[in-house]
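Participant: Sequence:
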Amino acid sequence: MDRKPRLTPKDWIRVGFSALVTEGPEAVRAEPLARRLETTKGSFYWHFADVPTFHRAMLAAWQAEATTALSAELARSLTPAAQLRRFGQIAPRVLTPDLADTPLGPAVRAWALGTPAAADTLAAIDTHSLTLLHGLLGDMGITNPEIARLLLGAGIGLADLSRRNSEDPGAAMGTLVDLVLALR
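With the numbering used here, letter number 87 in the sequence shown gets 87, and the count goes up by one each step, no holes.
Heads up, a few of these hints could be off.
Stated by the list, open to error - Label pairs and their computed distance ranges (CB to CB):
{"id": "1", "residue 1": "Asp50", "residue 2": "Arg76", "range": "31 to 41 Å"}
{"id": "2", "residue 1": "Glu38", "residue 2": "Gly141", "range": "29 to 39 Å"}
{"id": "3", "residue 1": "Thr39", "residue 2": "Asn144", "range": "29 to 39 Å"}
{"id": "4", "residue 1": "Thr22", "residue 2": "Ala60", "range": "15 to 25 Å"}
{"id": "5", "residue 1": "Glu26", "residue 2": "Leu130", "range": "25 to 35 Å"}
{"id": "6", "residue 1": "Ala117", "residue 2": "Glu146", "range": "49 to 59 Å"}
{"id": "7", "residue 1": "Glu146", "residue 2": "Asp50", "range": "33 to 43 Å"}
No wet-lab data here; the hints were simulated from the structure.
Glycine included, each C-beta is placed from N, C-alpha and C at the ideal position.
Take these sequences, add in the hints, and give me the full structure.
Facilitator: Structure, rendered in structure tokens:
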């Protein structure tokens, strides 16, 4: 008799994000996820006390990936201008981490519209991103706080657009970063 490998919390979180992207928030529950994994709900409850606990674990994974990835990517460049250019190159990818073999940003943002915990997590991620951008821009003498919001919004929006039209958002973000750098 072949035994299936034991599922881990990461397996459940991954399938939860996949369900969120393909079917929406209503599919992120024990029974539909167990069907996707061809297992019992008991396996779900072995790892998570209840569905809200599972949702918190998903959101924590999303937050950790989004904030860590952005900080790590920016740290690879030495100057604030190089970091801003790096942000332009990576923002659409990093702001929509891929924890389920598909960009999650639009699905999590939609989930946040009706779920306070998701909205709080998203606000924390956006605040982290804005803080990084404000710091970079300030280091270059660009003090208008709206510039950081424009860069963040463009990165989020272009990620969503590129998901639909398969165009690389890097060129558009690069143009925007060039415009911002010209403000110095």
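Participant: None of the hints should be skipped; say for each whether it holds.
Facilitator: Structure-based check of each hint:
no. : hint                           : result
1   : Asp50 with Arg76: 31 to 41 Å   : 40 Å, holds
2   : Glu38 with Gly141: 29 to 39 Å  : 57 Å, violated
3   : Thr39 with Asn144: 29 to 39 Å  : 52 Å, violated
4   : Thr22 with Ala60: 15 to 25 Å   : 22 Å, holds
5   : Glu26 with Leu130: 25 to 35 Å  : 31 Å, holds
6   : Ala117 with Glu146: 49 to 59 Å : 29 Å, violated
7   : Glu146 with Asp50: 33 to 43 Å  : 41 Å, holds
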